Amino acid sequence: MHVQTPGRDGAPVRREAHFLHALILLSTVICGTLAPTVIGPVLPAMQQHFANVPGIETLVPVVVTMPMFVLGALAMVIGAVSDKIGRKRVLVGALVLYAIAGTAPLYLDSIQAILASRALVGLAEAAAMTVSTSFIGDYFTGAKRDRYAALQVTVASTSAFVFNLMGGVLGAYGWRAPFVAYALPLLLAPLVQIFIWDTQGGRDLREAHAHAADETTFRPWLLALICLAAFGVGMVFMVVPVHLSFMLVQLGVHSTGAIGFAYAMNSVGIIAGTLGFGWFIASRFSVLQQFVLGTIVCGLGFVCMGTAHDQTVLTLGGAINGVGCGIVLPALVSWGLRSLPFSRRGFGTGAFTAAQFIGYFCSPIVVMAMVMHSGSRFAVVQSWGLALFVLAAVCVGGSLLRVRRLKLG
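In terms of this note's numbering, the sequence shown is residues 56 to 464.
One thing to keep in mind: the hints can contain errors.
Unchecked claim - DEER-style ranges, computed between Cβ atoms:
#1 341 to 276: 16 to 22 Å
#2 100 to 198: 45 to 51 Å
#3 73 to 107: 51 to 57 Å
#4 198 to 279: 24 to 30 Å
#5 229 to 140: 38 to 44 Å
#6 116 to 461: 46 to 52 Å
#7 235 to 367: 47 to 53 Å
#8 315 to 120: 39 to 45 Å
#9 229 to 429: 23 to 29 Å
#10 107 to 139: 42 to 48 Å
#11 306 to 167: 21 to 27 Å
#12 139 to 168: 41 to 47 Å
None of these hints come from the bench; they were simulated from the model. Note that this is a predicted model, so its numbers are computed, not measured. Ideal Cβ positions, reconstructed from N, Cα and C, are used throughout, including at glycine.
Please construct the entire structure, taking both the sequences and the accompanying hints into account.
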């Protein structure tokens, strides 16, 4: 795709985005995977270090969820700001802030100060994820954009797998050591500054985008629908990461190696789903068909998990669910990007990113309320699978009715 950027005389200059630019932007998604993965293994040690702090049992888990909460609250605002002042400066600033705030627990010795630093991490994470996704929408169109949207999730899932291992290794040197990994985005900041060009600026640039072939009209109702879907995707996606280990323990599996393998298979499933989406599904199915397919596969994974009586079937169910999530996540991003005009892309991307992370945050609360009512995680997970089957059937039925009405009308 050729992108118009203003030259020294104000006239637009054509540039072409290459894989190098996409690779740099894809690398910035590590900002969304470091928080829950690299520090997860050291949370018990952190709790022991601050054992004399009242309510520490609640405060330590918030160290993980605080960035998600802030991201959900601010992503839309930051996206709107990037539409006004330019995406590049927001992204570079976010990467630097992420490194500074992320490594702060290396020397902070107050849980309250650490939580404050985690809020700043959430701010930087909101900016990095929203702007990098918006850039992909700016730089690429059509099948190439869909492919890079899928690769975003692939890179995120792969990095999550790597950072899980890194957190365990670094944790052997103390609970502070894994926070060193938060310095990694600092290496990306100069690459963004040097190689990424901004897609914002100048009247000629705005006019060029206004007349672009793939430009669309901003439709608030459609953005609201995308945000609703994003919230649902976030709710579904977090079920396996939060509850798989508890379900394995309930089946008598206590080996950390076996539990880690089950989580690894879920990650492999997500990676497989994203690759399948980018190289096959995106170019052959409509948005609705993509979501229906992903929803059915997710539901099949949940039903398999809910009916499992041994470790093998439960692990298989988690992997199947991962494939479904690997389909719906890039489908959501692709749908959002193609539905937003350039002038509102940052705002819209921030909106559905925020909705997705709010779904992440709410998922454990909703699922645990259902578990408390039914008394079994297995029954709840199975019911989620059946509900996804019903949702897919409703979507297909609604689509068929719409087609029939159009033919009759």
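Hints, verified against the model:
Distance hint for residue 341 and residue 276: a CB-CB separation of about 19 Å, consistent with the stated range 16 to 22 Å. In this structure the hint that residue 100 and residue 198 lie 45 to 51 Å apart at CB holds, the actual value being about 47 Å. Between residue 73 and residue 107 the beta carbon distance is about 55 Å. The supplied range of 51 to 57 Å therefore holds. Between residue 198 and residue 279 the beta carbon distance is about 27 Å. The supplied range of 24 to 30 Å therefore holds.
In this structure the hint that residue 229 and residue 140 lie 38 to 44 Å apart at CB holds, the actual value being about 40 Å. Checked against the hint of 46 to 52 Å, the C-beta distance between residue 116 and residue 461 comes to roughly 50 Å, which is consistent with it. The supplied range of 47 to 53 Å is broken by residue 235 and residue 367, whose beta-carbon atoms lie about 37 Å from each other. With their beta carbons about 22 Å apart, residue 315 and residue 120 fall outside the hinted range of 39 to 45 Å.
Range check, residue 229 to residue 429: about 40 Å between beta-carbon atoms, so the 23 to 29 Å window is missed. Judged by the Cβ atoms, the range 42 to 48 Å given for residue 107 and residue 139 holds: they are separated by roughly 47 Å. Roughly 39 Å separates the CB atoms of residue 306 and residue 167, a value that falls outside the hinted 21 to 27 Å. Restraint check, residue 139 to residue 168: a C-beta distance of roughly 32 Å breaks the suggested window 41 to 47 Å.
Violation of the numbered hints given earlier is confined to hints 7, 8, 9, 11 and 12; the remaining hints are satisfied by the structure.
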